[in-house]
Each structure stands twice: as C-alpha cells, then as structure tokens.
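Using the hints provided, position chain B relative to the given structure of chain A.
2 protein chains.
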Amino acid sequence: MGKVVLKFGGTSMGSVERILNAAQIVKEEIAQNNDVAVVVSAMSGTTDSLINLVKSFSNLNSQHELAEYDSIIATGETISAGLMVLALESIGIKATSLQGWQLPIKTNAVHSKAFISDINPSVISTLFQNKIVPVITGFQGINDNNRITTLGRGGSDTTAVAIAASLSADKCDIYTDVDGVYTADPRIIPLASKIEKLTYDEMIEMASLGSKVLQVRSVTIAKEYNVGLNVLSSFSRKSGTSIIKNYDGDMENNNVRGISLVSNEARVSINNIDPENTQKVYEILQDKSITIDIVQISENLLEFNIPNTELDIFLDSLNKTVNNIEINVQKAIVKISLVGMAIKSNPAVMNTIFSEALKCNTKILKLASSEMKISIIVKAEEAEQFVRCLHSAYGLDVTIS
Amino acid sequence: MGKVVLKFGGTSMGSVERILNAAQIVKEEIAQNNDVAVVVSAMSGTTDSLINLVKSFSNLNSQHELAEYDSIIATGETISAGLMVLALESIGIKATSLQGWQLPIKTNAVHSKAFISDINPSVISTLFQNKIVPVITGFQGINDNNRITTLGRGGSDTTAVAIAASLSADKCDIYTDVDGVYTADPRIIPLASKIEKLTYDEMIEMASLGSKVLQVRSVTIAKEYNVGLNVLSSFSRKSGTSIIKNYDGDMENNNVRGISLVSNEARVSINNIDPENTQKVYEILQDKSITIDIVQISENLLEFNIPNTELDIFLDSLNKTVNNIEINVQKAIVKISLVGMAIKSNPAVMNTIFSEALKCNTKILKLASSEMKISIIVKAEEAEQFVRCLHSAYGLDVTIS
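If you read the sequences in order, they're chains A and B. Residue numbers for the first sequence follow our numbering, so the first one is 2 and each next one is one higher. Residue numbers for the second sequence follow our numbering, so the first one is 2 and each next one is one higher.
These are calculated hints, taken from the structure and not from any lab test. Hints are supplied without guarantee of correctness; some may be wrong.
[What the hints assert, rightly or not] Covered by chain B, per the in silico footprint, the following chain A stretches (three or more residues, Cβ under 8 Å): (1) 32–39; (2) 100–106; (3) 255–268; (4) 379–386.
[Claimed, not checked] No farther apart than 25 Å at their CA atoms in a straight line, the calculated lysine-lysine pairs in the DSS-like style are these: (5) B:K107 with B:K172; (6) A:K95 with B:K364; (7) B:K198 with B:K345; (8) A:K198 with A:K246; (9) B:K224 with B:K4; (10) B:K321 with B:K289; (11) A:K107 with B:K107; (12) A:K332 with A:K289; (13) A:K114 with B:K224; (14) A:K28 with A:K4; (15) A:K56 with B:K28; (16) A:K364 with A:K332; (17) A:K95 with B:K56; (18) A:K224 with A:K114; (19) B:K95 with B:K198; (20) A:K28 with B:K56; (21) B:K239 with B:K281; (22) B:K364 with B:K374; (23) B:K195 with B:K345; (24) B:K95 with A:K56; (25) A:K246 with A:K172.
[Unchecked claim] Which chain A residues face chain B? A few, computed with CB under 8 Å, are given here: (26) V17; (27) E66; (28) L67; (29) E69; (30) T76; (31) T79; (32) N144; (33) N146.
These figures come from a predicted structure and were not determined experimentally. We put the beta carbon where it would ideally sit given N, CA and C, even for glycine.
The shape of chain A in the complex, shown without the other chains (with noise of 0.2 Å):
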C-alpha cells in the first residue's frame, strides 16, 4: 500500500478512448492497493487553439494581459480532468476534479511562467482517506492575487512531480506519447535504445539538451524532493525509464548515458572586442533575456551558440550599440552534447570523440565540457553521420536479440 501519482499528457488525454485508456491504468493502480492521485494535461491541441484565438486580440505585452492569458489558457486543462473524473466514474472509480486553484496551488506573481511556492496536500489526503481519486488539473497555480497562474509549456510535468513531493509519493509515474528516454532522438539513430535508468542530474542536462520528454523544472523538484519519477507510454504499456538518485552499487558509472542534437542554433564570433564591449554584449543578452551556450573568450574574440530566434534581435541591438567589431556568424552548425554521470573524469570518453571523428571524416569545430556534459560543434551536414558514430562506439546502440 503506497502513494502515487500519474501525470497523463496532452497526448494521452488525446480523445475519449485514450482517455478511457488512461483511466484503466488508474484503475490498475488502484488494484494493487495504492492510494492514487492524477495530474492531468489539456488534450493534444486545446492549448493551442486558445494561444491562436489569444493573439487574435494581443500580443501579450504586460503582465496584466498573461494574465488573462493564463485564465484562458489554463481552460484546457480543466476540461481535461472534468473528463477523466467521468471516465473513471464509467469504470466504478470515484473519483473528483481538483482546479489549480481549489487545491490550492500557491505560486509567485509572474503569470504564464509562474513558479510553485506551496501546495496544501490536505484535500488530497481527506479524499484518500475516502478512497476518491482527486484528478488534478496540471499547469495551473493560482497567486496571492486569486488570479489563474500558469506554469509554462511542460508545466504539468511539474505540477505532478511537486504534488508527489507534497505528498511524500513513493513514486510519480509520468505517462507521454513515447515510452521512455532514448539514447538519442530514434528519428535520427534508428539504433537508439531505450535508457532503463538515468539519474535527475543527467535527465536534467538529456532535458535541456532539447530531450522533451520532461520539463525540466520538474526534474529538479524530483531532485530535491528524493520523488521517483518513472517516464512510461500510456500507449505501449512497456516498462519505461526510471530516473533515480543515483546508480546503486554503480557509483562510479562514467559512461556516455544518451547524446543529443541541437541544430537550431548559430555560432556568433566577435572579433575586435574589448573587456567594455564585452559587458555591453552580455547587457543586450540580459535585456532581452538571451541564453547563450559554449561560450569561449580569448584576448580579443567573444564566441557563443545563441538560438536562431534570438539571432536578429541580438544582432540589431549589437550595432546599435558597439562599434569597431568584426561579426561572423555561422548558421549550419550542430551542438552535438553526450550526457553522463562523470563523463568528465573518463579520459576514454574523450579519447573516443577525437578517434571517431577521425574515423568519420568529422571536423570538430568547438569543444567544450562540464562534469556531466561534453559538447561538441561539428559542421550541419557531417552531424547526423557523426552522431552514428559516436552512438555505436559508446556501445548504445540497441541490441537486437
């Protein structure tokens, strides 16, 4: 007898039989004794309509505007967990809807991104006491305002993994439309293969490596919180990825975990800068709240990824402001990043990066490495090819048997 938590995504609510799908994996947990509680997100596409109808009337300018943003958008996932109590209901499950705001799901002020400051678990520990599923809308918070907060996209994720860390869950299962975290994007490596286990901080790095399996907000409560989170299919009903504390007995584990790739990014060279115009560069990239990456600065050159989106604001506001520099910009690049505990500390790893791209005729343009991270730069057209590579000679290519 535990307590857990299922997070059903948008795809998962995807209509009534999928619905009805994820209320009989409710229904299974519940069977093996456990006291249950579900997030749940919109289904597919209900949050994008609304965003559309809400541009029709604003582009979103002040705080005042997310915030009726938010109310709108937040809708979605009211719907949701409205039809998931019914289906429960249909399959002999009592069951309620919970809205963010009737938990309540405390968060700060700043609307359509908003962070969690509390939640009040009480409600739901009353209606496990009374053996009734509460189904609880993801995304949504509400702040010291009583106005509707959101999360951010992904932002059920979150909610599910602080509802399980309020709650002292012995585990928080988060269902999507793949069945857990792959060695490398299956769309790219047809060899990738499924990771059994990963821990919160390589998931942290695979996630914001654009892995968007989870958000990865939600990883770091899990983190914190010590929550086991399991990634699985709604769909397949395969056993998914764990994503654990650490390796038991495997503390020492310095393997490459998974790699991933990054094409929507461009490499700003500046040559002909000076320390003045170095602090004037990163003062546009704070103004207009810019995230740069492998970053490198030597005598009179700056050099940073920036995503392509922001490529165009950044530049106009640079030759508004600095003069007498030398700007190149490299667009068919790719940010190849292999992810592992400890990778760092391994010299094979690294031994391995330079005999491959021997091997396969790549050009590392960059390189750049944390503790759990190593990024290369390598031409757009030599990535692909590159990235097989590395996949097979870290050995993760799947094993068919």
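Just chain B now, with coordinates in the frame of chain A:
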C-alpha cells in the same frame, strides 16, 4: 454618471470581430461617464461541443457527475471573459476578468441548474473606483463545497440581472442576436413588430411561452429588484425593447402585447379516470419532473398539454401504473397564446378571438385564460393562418411608414 451592466450573449461573442464590436459598445457606454460591468456568455457553439464531449463519457445521472459537467462547461465563459478583457485593452480600456468563484457568485448546491444565493459586489465596486471594467463570466457560480456550479441554459442573463441588482445598477442591457422582443415570431409572422416597452410580468409570460430572448429567471429577478432591463442587438445598434415595472400613466392598458406559438406539445386526454388514478398521474409527472399546461378536468376526463420530448416517458410510466383507462393523444396541435397585462378583463380581446376564428375558418379546440394570458389550442394546419389573423386584428402588424 451611473452604473450599468452590459451582457453579451453567445452570438455577440461568436468571433474575434464580434467581440471587438461588443468592446466598442462598452467603450461608448464608458464615454457617457458610466461605470460599466460586463457579463459574457460562451462563444456560440462552445457550450454545445463541450456538452457533446461530456456525453461521450457519462449520462450524468448523479449530482457528483453533474459537478464535473459544470466544471467543464463553465470554461466556455472563462475563455470569453478573458478574450473580452483583451479586446477592451486593445482599444485602450482597462479591464479585468472575474470568474464566478473569484467574485464570488454564491449558489445553492444543485449542479447544472443552480440558483444564485448571494453576490458580493465589493470587488466590482473597487474596480469601478479604479476605473477598471470588470468582465464577469455569466452562467457560473460556486457552492458552499467550493465546487463550480452553472445556472442552466441562458443562465448568463440571470447572472447579468443579479449583478445589476447587487450593484443597484441604473440599467442592465442584454445584447443578443435579435434587436428586441417582437409581437410574434417574425419567421412566421412577417408583419410582426418590435415591442418598445413591456412589463416584467408580460415578459415573464412571453419568455415562458417560447420566446427565447431572455431566461425567465432573469426577468423574475429584475422584477423583484426593479432592475431596468433592455434587450438589444449588438449588430443593428437600434433601440431595442425595454422591460419595465408598469406603463406610466396608462395603468389600464389591457391590449394584447404579443402572440406566441408553441408547436412541440401534444394533447393527452385520459377517459374513464377516477380520483385515485388522477393522483397517480400527478405522481408520475412529479417523479419525472414533467411540466404540463392547459389542464382541464371534468367528471371522468383529464386533459393536458405535454412537451413532445416527455410524451413517451410519461405514457410508458402510465401504462405500468394505471389500468382500465382510455388514453387519447393528439399530436398535430398548436398552442397559441396571447399575452398582455389584464387582457382577461378586456371583453374585446376575447370577442376578437371568436370573431377571427369564424372569419378565418379556424376551429378552437380548447381555450384557457389567466390574468394576462389566453391560450388557444388549434389544429396544426390552421395555426399559422390564425395567428396572422389575430396579429392583424389586435393591431400588432408593423406600420410601414
């Protein structure tokens, strides 16, 4: 400087352009130095699609399931309130949305057809002081269990009038897709004319007789709290119909004000019925919540009109409970009703019915009268022609100038 409530129905909120048009009406009302509160319905079609979605899961047989139904379908108004705020902001008017629970609009516990118990207008008053337009979701409330309730179809009218009553507002304008209340259905009587003024009591009779312009309950509240009510079109921008307490200086006005036509009822005659079985019939009607009309009882005969939608359920129950009776059902009938203050006490009104019946070769099957309504049952094939005769005879035909 006054306080006004403007209510926009589903058609007035039916598209981006229409919402912007409604926002202009709000702006014009503010330009006349009024404090304006806005009440909105869901965008037309939204509530019906949500109901269809709900019915894929549930027959809504319990209050518990109806609670989820309420939570789901209330989202339609939440969305349109947010969009109205964004529309107002886009034309320079400060506004903020308020859901039923945020005001709050307290209701009793009956889901899907709750009654308003209390409205706290203090949030609205504060917004008025700060020159911010409150945009309130129609249709929604919250009960003592912290659950969303809804007020039944057309409930946004009731919200608007209740808000106006709580504010002691100077007027409540109901914007809908017709430009007022007509003397008859213009689709049947092309010469039907718009009624400029109507008393609360007349409007209550008109509304309950199938003129779907206003929810009856809203008029009852308007009468009780003496709220000045106007029905207008948000498209034509012509003067509409005012619903008032009484006709100033014309207290003995006892003309026919409007004629309605109801064709979805059947006439049930039960012969050989004794008092015991009569009581059983009423038990069935109460048990199934069936409202009947034009009841006539004579020695061994019980007759009444029943909505076609309830007929089978009624007959089914009757056959199971009562024996030795003779049932006759007439389906091809129409109920024509004349409405006007004190028309019963005007002999000319009654006289005209019979003279027109002779003139138009119409057979009056039944007639029943109350203080401000006379209902006549005729054969379906004779109904429309007879309504045209009556409409003309009572001087209701539009004058083409």
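Structure-based check of all given hints:
no.	hint	verdict
1	32–39	violated (count 0)
2	100–106	holds (count 3)
3	255–268	violated (count 0)
4	379–386	violated (count 0)
5	B:K107 with B:K172	holds, 22 Å
6	A:K95 with B:K364	violated, 57 Å
7	B:K198 with B:K345	holds, 20 Å
8	A:K198 with A:K246	holds, 10 Å
9	B:K224 with B:K4	holds, 18 Å
10	B:K321 with B:K289	holds, 14 Å
11	A:K107 with B:K107	holds, 23 Å
12	A:K332 with A:K289	holds, 20 Å
13	A:K114 with B:K224	violated, 46 Å
14	A:K28 with A:K4	holds, 14 Å
15	A:K56 with B:K28	holds, 21 Å
16	A:K364 with A:K332	holds, 16 Å
17	A:K95 with B:K56	holds, 18 Å
18	A:K224 with A:K114	holds, 21 Å
19	B:K95 with B:K198	violated, 34 Å
20	A:K28 with B:K56	holds, 21 Å
21	B:K239 with B:K281	violated, 52 Å
22	B:K364 with B:K374	holds, 19 Å
23	B:K195 with B:K345	holds, 23 Å
24	B:K95 with A:K56	holds, 18 Å
25	A:K246 with A:K172	holds, 13 Å
26	V17	holds, 4 Å
27	E66	holds, 6 Å
28	L67	violated, 10 Å
29	E69	holds, 4 Å
30	T76	holds, 4 Å
31	T79	holds, 5 Å
32	N144	violated, 12 Å
33	N146	violated, 10 Å
Checked against the numbered hints above, the structure violates hints 1, 3, 4, 6, 13, 19, 21, 28, 32, 33; every other hint is satisfied.
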